[in-house]
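Chains as they are written, first to last, in this note's numbering: chain A, 337 to 769; chain B, 337 to 769.
A couple of the hints might just be wrong.
Same chains, same names: a pair is fine if it fits in one copy or spans any two.
[Stated by the list, open to error] EDC-like mimics (lysine to aspartate or glutamate), calculated; alpha carbons at most 16 Å apart, straight line:
#1 363 to 541
#2 510 to 559
#3 761 to 390
#4 695 to 664
#5 758 to 558
#6 529 to 745
#7 689 to 559
#8 672 to 392
#9 363 to 579
#10 561 to 392
#11 510 to 750
#12 529 to 359
#13 351 to 397
#14 511 to 745
#15 555 to 426
#16 695 to 662
#17 510 to 664
#18 507 to 392
#19 351 to 669
#20 629 to 397
#21 555 to 359
#22 432 to 530
#23 363 to 392
#24 555 to 664
#25 427 to 664
If you're looking for bench data, these hints aren't it; they were derived computationally from the structure.
2 protein chains.
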Amino acid sequence: MNVRLYNARILTMEKNRPVFRGEIWVKNEKIAYIAPQEELEGEWAKDLPRIAWDIEIDCRDNLLMPGFKNAHTHSAMTFLRSYADDVPLDKWLNEKVFPLEAKLSGEDIYHLTRLAILEYLTSGITSIFEMYLTPDTIAEACLDMGMRCVLTSGLNNFSSSIEQLEDEYLKWNKKNSLISYQLGFHAEYTCSKELIYNISQLAHEYRAPVYTHISETAKEVEECKARYGMTPVMFLDTMGVFEFGGGGYHCVHVTGSDMEVLRRRRMCVVTNPASNLKLASGIAPIAEFERRKIPVAIGTDGPASNNCLDMFREMFLVAGLSRVREGDASSPDAMKVLRMATVQGARAMRLSKADVLAKGKYADIIMIDLHQPNMQPIHNIPKNLVYSGSKSNVCMTMINGRILYRNGEFNIGDSVENIYTKCDKIVRRLTDV
Amino acid sequence: MNVRLYNARILTMEKNRPVFRGEIWVKNEKIAYIAPQEELEGEWAKDLPRIAWDIEIDCRDNLLMPGFKNAHTHSAMTFLRSYADDVPLDKWLNEKVFPLEAKLSGEDIYHLTRLAILEYLTSGITSIFEMYLTPDTIAEACLDMGMRCVLTSGLNNFSSSIEQLEDEYLKWNKKNSLISYQLGFHAEYTCSKELIYNISQLAHEYRAPVYTHISETAKEVEECKARYGMTPVMFLDTMGVFEFGGGGYHCVHVTGSDMEVLRRRRMCVVTNPASNLKLASGIAPIAEFERRKIPVAIGTDGPASNNCLDMFREMFLVAGLSRVREGDASSPDAMKVLRMATVQGARAMRLSKADVLAKGKYADIIMIDLHQPNMQPIHNIPKNLVYSGSKSNVCMTMINGRILYRNGEFNIGDSVENIYTKCDKIVRRLTDV
């Protein structure tokens, strides 16, 4: 498919390149050409290739930018949305989440993931870093709908295994350009020392980075210190888990020494501010990560803890919570936050071909409607996006060159109501005590 | 106009009344009838009046609920959106806000307010508590577009006067059902003791409540203590300002004694969480207000400090920030927050006829699209609204019986692009140094 997006404003998210007017040409799954208006109207425009377009879209001066990278989620937890809220964290996990999760089949997870994907598309999310129970059916859901997905394992003492982790790692890193896989496990507090040792061995075997939940709550850190005399970051690093880098989800309660490890191991932090608020976990030290040059990406976390899958909400929270924590209204600025939600997300997810808009990159492009009142006036587009933007401004989501969502309509190979009905049936079965 | 809204789920926000299925009948500006489906299908349904409908809307099982009450805003500050961010608060006010505000005309404020009203409608906001420079042209904008508005004055040492405050109070409390007026002034720190004394006298003359910014920043409180040896709440109360109640915008930095005054004077607090984050002011003690039975309403504050006018964002922030402040993931629950954004807002604004959906109340009704992925599955509608809701779910906004916004289209007596163009022209003039 050849798609021409014209009459656009373009924010490529390449460093120091401001918004300009022009066109983007998409050929199959990649960006073939990005042209400022001057190039198209210039002397040598006649030398541009003539392409037979399958689709031409007048962007009406709206914005094209890279899709958001949701760098941490558990998509299929849609079944728990608004089912287990307003209770303390322990009760939430032990009385609500775990008993229902125990009843989930791989097929359930397929359908529940599809519901989440619908929401990602409405929010301009074009890649997800996904940790949940059955990576195979998650991948299937993403492939069926066209979502780009980096899988990781939620391996712990009770589910998955080292063998399964290795199998999945090998299987999903060569199968399809939409899917890749990074080594990962649930968290220090759900894995035995032996299991963590084996994960570390696997990381060494493949010289691979490792991703896991780290220091989400103060309690988790205290318990790890009681167990091993060290914080989770220090303990996992001592076990060799991060020899080849990787990333920590949450990192709300980290010490200066923890951060030194994260920096030295060239790890990234994935912050999940809405989830950290809703579960009363705390406010992550984003400014301190920035000062220490630890790259920060942004995730929604799963819909049971957040409860929505919306990077606009997360971006505002990253900006606002850091300001309150630091007592400084000047930082982080909007562009910095926008980079976290796009380029740094891609870096955390090792998606170097889906980070910015440029020739040869995957065509993961969203269109932002600037003709809505919350985007007016147009003093500064990045600030508009981060401080007053909303998923309601997303009028097109393209992944891998395919338009999956446009003007409220989905193009995902199934009807929305059909997906709702399937999920509803699953939810009824799961919650039928 | 007679409007029938059928096939709906209805959340009236009356105490302890859960969501039910039924119809709402609107006759001119008021709700004529709210019926559960059983009543419509029951024995005595034949006795229901037969009405010639001007409009009948199939709600497709979507939700009807009272519109949101935005209990604190400065609408016309749309001109500053994304113009003055990422700078410290002092610099923001003195170098950006004040110099540009000095150039504003009443007509500018008319147009800039209209831009904000468009955004309110997209976010399901049906009433605003408005403090800005020229109440007359703000009222004009609201009347022209059909927005319900409670005006108050931003009176301070440099703008407006006691005489003007009294004139406006008398004028706008009898003119039109859409507009009312409450006594107010900007803040302790911008008003002389003499001016505050005069305001107090006026409050006594009319036995009227008074509204003002209070204890938004720690600096403001410190300066007041240096000036008068008391916190702003204590000082203003000592001056007799709150003899007949009223409300405090922000109240981020209040003491136990301050709260005792607020409770004793039966005042309400209007919290503005997004603004308090973005300007690094702090996190308001919402749980403590609740414990002391001080009613809390929610405001967006102006678009220069927030920067968007979206009660969904505010609701999530109220829930999330209070959790983190208290270290308790169980409270406030979603229904409590939803009450703040609707019923308690109406109470703060003295809009007793626009609080809940019931026979005889003003028809300020919004429809929430439950067929979008972020509203699925439907375990619990109030939780869905507060934790995963978005302005993108608002598919109809009706004020005073008139449908002003539906499915992305406005019905406000002017074209949206015309309003954008007018505002753009004003913005260019103001920022042309």
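Original post:
How would you classify residue 529 and residue 745 at a CA-CA limit of 16 Å: within, between, both, or neither?
Top reply: neither (48 Å within a copy, 59 Å between copies)
Subject >> Within, between, both or neither: residue 758, residue 558 at alpha-carbon 16 Å >> reply: neither (42 Å within a copy, 58 Å between copies)
**OP:** State whether the alpha carbon distance between residue 507 and residue 392 is at most 16 Å within one copy, between copies, both, or neither.
**Re:** neither (37 Å within a copy, 56 Å between copies)
Original post:
Given a CA cutoff of 16 Å, do residue 351 and residue 669 count as a within-copy pair, a between-copy pair, both, or neither?
Top reply: Within. Shortest intra-copy distance 15 Å satisfies the 16 Å Cα cut-off; inter-copy 43 Å does not.
Original post:
Should residue 511 paired with residue 745 be assigned to within, between, both, or neither, using CA atoms and 16 Å as the limit?
Top reply: neither (29 Å within a copy, 45 Å between copies)
Original post:
When no copy is named, should residue 363 and residue 579 be tagged within, between, both, or neither for a Cα gap of at most 16 Å?
Top reply: So residue 363 and residue 579 fail the 16 Å test inside a copy (39 Å) and across (70 Å) alike.
Original post:
How would you classify residue 555 and residue 664 at a CA-CA limit of 16 Å: within, between, both, or neither?
Top reply: between (28 Å within a copy, 13 Å between copies)
Original post:
Within a copy, between copies, both or neither: where do residue 363 and residue 392 come within 16 Å Cα-Cα?
Top reply: within (12 Å within a copy, 47 Å between copies)
Original post:
Between the shortest in-copy and the shortest cross-copy C-alpha distance, which are at most 16 Å for residue 510 and residue 750: within, between, both, or neither?
Top reply: neither (27 Å within a copy, 56 Å between copies)
Subject >> Copy assignment of residue 510 with residue 559, given that the CA separation must stay at most 16 Å >> reply: Answer is neither: 39 Å inside a copy and 64 Å across each miss the 16 Å cutoff.
Original post:
With identical chains treated as interchangeable, where does the CA-CA distance between residue 529 and residue 359 reach 16 Å or less: within a copy, between copies, both, or neither?
Top reply: For residue 529 and residue 359, neither the intra-copy (54 Å) nor the inter-copy (60 Å) Cα distance is at most 16 Å.
Original post:
Is the C-alpha distance from residue 561 to residue 392 at most 16 Å within one copy, between copies, in both cases, or in neither?
Top reply: Result: close neither inside a copy nor across copies, 59 Å intra and 64 Å inter.
Taken one by one, the earlier hints fail for this structure at numbers 1, 2, 3, 4, 5, 6, 7, 8, 9, 10, 11, 12, 13, 14, 16, 17, 18, 20, 21, 22, listed in ascending order.
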